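Trainee: Here the protein sequences line up with chains A and B, keeping their order.
Oh and the first sequence: position 220 is 220 in the working numbering, straight run, nothing missing.
Oh and the second sequence: position 282 is 282 in the working numbering, straight run, nothing missing.
Be aware that one or more of the hints could be misleading.
In this list, chains with the same sequence are indistinguishable; a pair is considered to hold if it fits within one copy or across any two.
Okay, derived cross-link-like pairs now, DSS-like style, lysine-lysine, Cα gap no bigger than 25 Å in a straight line [unchecked claim]:
id : residue 1 : residue 2
1  : Lys316    : Lys68
2  : Lys82     : Lys316
3  : Lys316    : Lys61
4  : Lys288    : Lys316
Hints listed in this document are in silico derivations from the structure and should not be mistaken for laboratory results.
Because the structure is a prediction, the values reported are computed rather than measured.
Protein chains: 2
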Amino acid sequence: KKEEEGEILERCRGFMSAPVTDISVLEKRKGDMRTRMEMLIMETQADFCKALEKVDGGTFKVDRWERKEGGGGISCVMQDGKVFEKAGVNVSVVSGYLTEEAAKQMRSRGKVLKGKDGKLPFCAMGVSSVIHPKNPHIPTVHFNYRYFEIEEEDGSKQWWFGGGTDLTPVYINKEDAFHFHNTLKEACDKHHSQYYPDFKKWCDRYFYIRHRGESRGIGGIFFDDLDSPNQEEVFKFVKSCARTVVPCYLPIVYKHLNDSFTKEEKDWQQVRRGRYVEFNLVYDRGVKFGLATPGSRIESILMSLPLTAKWEYMHKPAEGTREAEMLEALRNPKEWV
Amino acid sequence: KKEEEGEILERCRGFMSAPVTDISVLEKRKGDMRTRMEMLIMETQADFCKALEKVDGGTFKVDRWERKEGGGGISCVMQDGKVFEKAGVNVSVVSGYLTEEAAKQMRSRGKVLKGKDGKLPFCAMGVSSVIHPKNPHIPTVHFNYRYFEIEEEDGSKQWWFGGGTDLTPVYINKEDAFHFHNTLKEACDKHHSQYYPDFKKWCDRYFYIRHRGESRGIGGIFFDDLDSPNQEEVFKFVKSCARTVVPCYLPIVYKHLNDSFTKEEKDWQQVRRGRYVEFNLVYDRGVKFGLATPGSRIESILMSLPLTAKWEYMHKPAEGTREAEMLEALRNPKEWV
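Hey, can you work out the whole structure from these sequences and the hints?
Mentor: Now the structure itself:
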């Protein structure tokens, strides 16, 4: 709805910062997917940040950064708030030429890329966020929605969307898990009946800490390389997903805002945070790609790491405890809806 | 000296646990490098653990573990002691057939490996340790000494040694840095005048967090694939190195045992611990190899991670502080001797 309502300039007033691309440029190519997606990710960042500020009482620190190779980003971080230990919501809009490494990686995923003199101009943009609350009864959430465009030799464009939203609780709460997954399912079902079941499985497979034999959390949805049935339909789907991040997560935050917790519960949260770090540094494709890319903004990439984490040797919850119940769900992903 | 003195059985009495290999087997092939190295790593583990127990007052938890593919290990861990937040000293002695992945990796380092029907029987053993103290004025230390043997098609054996010892302080203390490097240099100089300068550089290059543009610590020595001038000489050198771990580190621990520290100093330690985690999970060859190897003991591999760590967004020490001085030394490795 929003998209058609206002003019670019007016919509920008609600953002955390001016968009990465000049407003005059956005106005000029208003109908382009690049513009529409940049507006969507800026809007998602603003809506989510404002909802978090409201519940926390704190304020996001907003950093604009530029990439000398082209483009830049806007990082919003709230650290050591009342509710959130660390909350990061990042937008990036970058362009340039694909590195050999990146082209190779994309080809390995089945893409045919014909560059002019081997050069492939690309444009990539996305919004991503990780929220680590203080209270162990409020789960960590992560989401990311992104758009990729590559120009081939003959001037034609390849494009695709990717993204997902997933939840990492410290303790199982079936009601929360249902609410989270069901909100995603409803958004998916409006577009294709296979989206939720397929992307739920993809999420469980992707956020998997192989060396532990555990999932990172209780999942959600995850998809990549989505380019059918057509650009308009995929964009509409991504828009639906992006607009569920607040309704997926905020009700859970409010519900547990005043839950009391013990030192033991906080400790278990810290151990789970350690596992979160393991996944992000060892397996996450985005982090690995970012760390290996010259000129990338390390602080924005590693914004996803928790403020604090713990590694206890041979930590093993006793049978029958809520910690053991959590582990069981991570070892054998469940259907929550 | 020690090596020649006692009988195998008698020497084993001082170990943290019986060796991985049966004592009767060790007795039978007493002169083999495999036996001599296994005795050396067990001895190094025992000497180091006892020295740490003495200063801490705590006791190491000793775990024996087996690898179903062949061999096993002995992990000694002291957690939340008086002086040490987490201290791990691990011995492993494993054998089996090289995986394709491992053979490929070794060939990329220039080794020619001819297997029988493509199979390469190997034996690998080593002692490795990471000590994270509580007091930010006591540095973290790491060492690792290992031996590798591969049997080729014609029955001949390829072998090499690797290892090193390096220091990761939270604050620069020139006296400590001198003591640490000088102790290593003296051990190296007895064997070859190029060892210390070469292996010091290798250490600085290896323990480098590329995405931060920082070294992990102030270095020490590091070497790999050492197979000349001959097995006896290399073993003597490795023995000298292994026997310096106590004199390198313990005097520094005793010196700072009662140093007082502020909350800010503890915080800076936690930030540095985060960087330690980044290096170990993103770059360390041993960790990456271990996590990717089926059947490896994850808890022993990740024993090197600190008990606690911190990631603050955009942490940057103010100019002229001792934190800035530390960072400077990590960005531009120094000569300490």
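Trainee: A separate judgement is required for each hint: does it hold in the structure or not?
Mentor: Hints and how they fare:
1. Lys316 / Lys68: The answer is between: 22 Å across copies meets 25 Å, while 47 Å in one copy does not.
2. Lys82 / Lys316: between (30 Å within a copy, 23 Å between copies)
3. Lys316 / Lys61: This pair counts as between: shortest inter-copy Cα distance 15 Å, intra-copy 38 Å.
4. Lys288 / Lys316: Result: close only across copies, 23 Å inter versus 29 Å intra.
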